[in-house]
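*Asks:* Chains as they are written, first to last, in the working numbering: chain A, 1 to 379; chain B, 1 to 379.
Quick caveat, the hints were computed from the structure, so don't treat them as lab data.
Cβ coordinates follow ideal geometry from the N, Cα and C atoms, glycine included.
Any given hint could turn out to be false.
Stated by the list, open to error - Below 30 Å or equal to it, Euclidean Cα-Cα: the simulated BS3-like pairs (lysine-lysine) are: (1) Lys231/B with Lys108/A; (2) Lys233/A with Lys108/B; (3) Lys233/A with Lys231/B; (4) Lys108/A with Lys108/B; (5) Lys231/A with Lys231/B; (6) Lys233/B with Lys233/A; (7) Lys330/B with Lys350/B; (8) Lys350/B with Lys291/B; (9) Lys231/B with Lys108/B; (10) Lys136/A with Lys108/A; (11) Lys169/A with Lys233/A; (12) Lys108/A with Lys233/B; (13) Lys108/B with Lys231/A; (14) Lys231/A with Lys233/B; (15) Lys233/A with Lys348/B; (16) Lys348/A with Lys233/B.
What the hints assert, rightly or not - Now the in silico label distances, taken between C-beta atoms and shown as ranges: (17) Asp327/A with Thr17/B: 48 to 54 Å; (18) Gln246/A with Thr7/B: 28 to 34 Å; (19) Ala194/B with Pro91/A: 40 to 46 Å.
Number of protein chains: 2
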Amino acid sequence: MPESTPTSDYGTLRPPTRVLMGPGPSDTPPRVLAALGLPTVGHLDPAYLELMNQTAEMLRRLFRTQNRLTMPMSGTGSAGMEAAFVNVLEPGDRALVAINGVFGTRMKDIVERCGCECVTVDVEWGQPVPPDAIQKALSQGPFKVVAVVHAETSTGARSDVEAIGRVVKELGAGALFIVDVVTSLGGIPVEVDAWGIDVCYSGTQKCLSCPPGLSPVTFSDRAAEIIATRKTKVQSWYLDLSMIQQYWGEERTYHHTAPINMTYGLNEALRLVFEEGLENRWERHRRLSEKLRQGLAEIGLSLLGDPEYSLPMLNAIVVPNGVDEADVRKRLLNEYNIEIGAGLGPLKGKIWRIGLMGHTAREQNVVYLVAALREMLRR
Amino acid sequence: MPESTPTSDYGTLRPPTRVLMGPGPSDTPPRVLAALGLPTVGHLDPAYLELMNQTAEMLRRLFRTQNRLTMPMSGTGSAGMEAAFVNVLEPGDRALVAINGVFGTRMKDIVERCGCECVTVDVEWGQPVPPDAIQKALSQGPFKVVAVVHAETSTGARSDVEAIGRVVKELGAGALFIVDVVTSLGGIPVEVDAWGIDVCYSGTQKCLSCPPGLSPVTFSDRAAEIIATRKTKVQSWYLDLSMIQQYWGEERTYHHTAPINMTYGLNEALRLVFEEGLENRWERHRRLSEKLRQGLAEIGLSLLGDPEYSLPMLNAIVVPNGVDEADVRKRLLNEYNIEIGAGLGPLKGKIWRIGLMGHTAREQNVVYLVAALREMLRR
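When you get a sec, could you build the whole thing from the sequences and use the hints?
*Replies:* Shown next as structure tokens:
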């Protein structure tokens, strides 16, 4: 067939309408979907530059920081993770990374790709990172960075970043404190300045309920100074903040063409956060997670790990003996249009991961999921 | 103010409606805007996996290739450029890069960040890369890669990639041929297999008229083999195709959360390409560029460089003596809602860059821009 023949062989794009109760993405609210479809403008349009300023201002408020260097990176949360490390590490530097799930493992991988030595604090998957384990490991310092995951999306465990931050400040000999808040930001308290976090990154598709594609990041002035005085270039051109900050700053120097419509979506998602009130949003996540757990307990399903350190927005639920966990997920999707997540690594086949993130965290979804599971598990 | 106080201080998101006749992004057609706002599904949803397969199939058809390793990277065109180099280069490798504008310069920067030696063929900005200059430079080989930009967005020059491909094949001693088709893909012929291109990348926001945010890439089997037999890990975790291809392949192994809604947009943009017919689309770009140039000639404006090597989708127009080029751009934007681009580097202040890319390339826009310039320049 010559290419000049017009064809509509590809049908019509009609994705199903799901209830996204997995580890992310969460449901995108109508206003954010509408924002994504607003007319595209240029990346140097004065209207877009104003939108960038406003978005950065809202991100500072969300991260609870005064950091100048605060913006969304043009990639998903993993791009934010890579940006966090490649901008501050140089070959030969040493990093201390806590691993209690998939994302700590990923941090280690990135550190090593930077030509750096990675010392790890290994914690059983499903458990939080104990501050005293970090304290002990710091004796193997000095380290350029200390990194932990606030909310381990692979297991549902919350680590006490505030307490770890105190340890790093007291005993870290100036190490930068890097924290992954991909799953926590917007759902539970994240206090960048108060907790002494130097580098923090998130994703848009969890508790912010904007589709995946951007990664909000923030760097302290101390981290920014380290970037400014590097001896080597950042190994990633695309994620090099020494250049990108000139586009977000007064200079407006073109680096790469910004993802305009995704930024509309993030901007609208942030408006929704502040229209609700950040603390109200935390409370909503807490309340609905409690309701979910009560409902699941009534049908004989229980939470993995210590409730005190479990995430409200990502509930790791133990698969009962004799239940085919993959079949349950498949039937939930096909018969009820509900997506939930599987366990990963050592928890594969042992847990379901039930997300209540952002717009997904609504009464109706909790009631619906519990009812669906009740129906299925008694069959 | 406590954060629990809901606030709507940020007003309403209302970007202006522009006519995007700059170097990209181009105007997004209504069907693509609508696709961006379709309900988000999960990145492992069977419906999404099917969409991925279909999108990859359409990209192969667009690139004119049989390459298995063909997909959109989760970042803008510059992420695609970085992916092209970091996946095939290892420290100590040598690269030959032709520089006739901004994007060749960027290639060199990335090559050097890979710890590689970069030999350059330097060409006057605005001119195409002469195949015999590549031929001559190959005597300084061997090179692991030879890289050129097909359509230099900074100058409007088109290089003869087919002829350069022949030279690389004959005299390149097995070097991989990397070609940047960010601005050309979908607007003029790009023949990945027929021209012997091993690694090719593009962006979504030019002649495909999907907003910026994704970068279609394709790697030949020979390039894929080089990735599979690397001695070192790819320095970018986020762009590491040895892992990403397991998500796009049969394994469906999670790497990062895919940018779901942006992929809807790209998918819809590709449907539009094939409903029109790829060759019809090339002809439309050619015809409207001719109309634009005729219209501009009538008001005394002329093209920079040799028309034979000038891009139909990006017209470099010489700023007449005595005209304040920045003021013209500003007034076009403010009074007519038309965006055009400025010159860069040595061409700063000397040219305007007028884009006719994808959905922007319509009669009405050509007529409107010429009329607006006529009105302004006679004042």
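*Asks:* Each hint needs a verdict: does it hold in this structure or not?
*Replies:* Comparing the hints with the structure gives:
1. At most 30 Å may separate the alpha-carbon atoms for a hinted pair to count; Lys231/B and Lys108/A meet this at roughly 19 Å.
2. Distance hint between Lys233/A and Lys108/B is fulfilled; the C-alpha atoms sit about 13 Å from each other, no more than 30 Å.
3. Only pairs whose Cα atoms come within 30 Å are accepted, and Lys233/A paired with Lys231/B is accepted, the gap being roughly 23 Å.
4. Restraint check for Lys108/A and Lys108/B: satisfied, since their Cα atoms lie roughly 29 Å apart, inside the 30 Å limit.
5. About 26 Å separates the Cα atoms of Lys231/A and Lys231/B, which keeps this hinted pair within 30 Å; it holds.
6. Between Lys233/B and Lys233/A, the direct Cα distance comes to roughly 19 Å. Compliance with the 30 Å bound is thereby established for this hinted pair.
7. The straight-line distance between the Cα atoms of Lys330/B and Lys350/B is roughly 16 Å, inside the 30 Å bound, and the hint therefore holds.
8. Distance hint between Lys350/B and Lys291/B is fulfilled; the C-alpha atoms sit about 22 Å from each other, no more than 30 Å.
9. Proposed proximity of Lys231/B and Lys108/B is supported: the alpha carbons are some 22 Å apart, at most 30 Å.
10. For the suggested pair Lys136/A and Lys108/A, the alpha carbons sit about 19 Å apart, so the restraint of at most 30 Å is met.
11. Between the alpha carbons of Lys169/A and Lys233/A the distance comes to roughly 28 Å, so the proposed pair stays at or under 30 Å and holds.
12. Between the alpha carbons of Lys108/A and Lys233/B the distance comes to roughly 13 Å, so the proposed pair stays at or under 30 Å and holds.
13. As the CA atoms of Lys108/B and Lys231/A are separated by approximately 19 Å, the hinted pair is consistent with the 30 Å bound.
14. A C-alpha spacing of about 23 Å is found between Lys231/A and Lys233/B, which places the hinted pair at or below 30 Å, so the restraint holds.
15. At most 30 Å may separate the alpha-carbon atoms for a hinted pair to count; Lys233/A and Lys348/B meet this at roughly 26 Å.
16. In summary, the hint linking Lys348/A to Lys233/B is supported, as the alpha carbons are separated by about 27 Å, within the 30 Å threshold.
17. Judged by the Cβ atoms, the range 48 to 54 Å given for Asp327/A and Thr17/B holds: they are separated by roughly 50 Å.
18. In this structure, Gln246/A and Thr7/B meet the distance hint of 28 to 34 Å, their C-beta atoms being roughly 31 Å apart.
19. About 41 Å separates the C-beta atoms of Ala194/B and Pro91/A, a value consistent with the hinted range of 40 to 46 Å.
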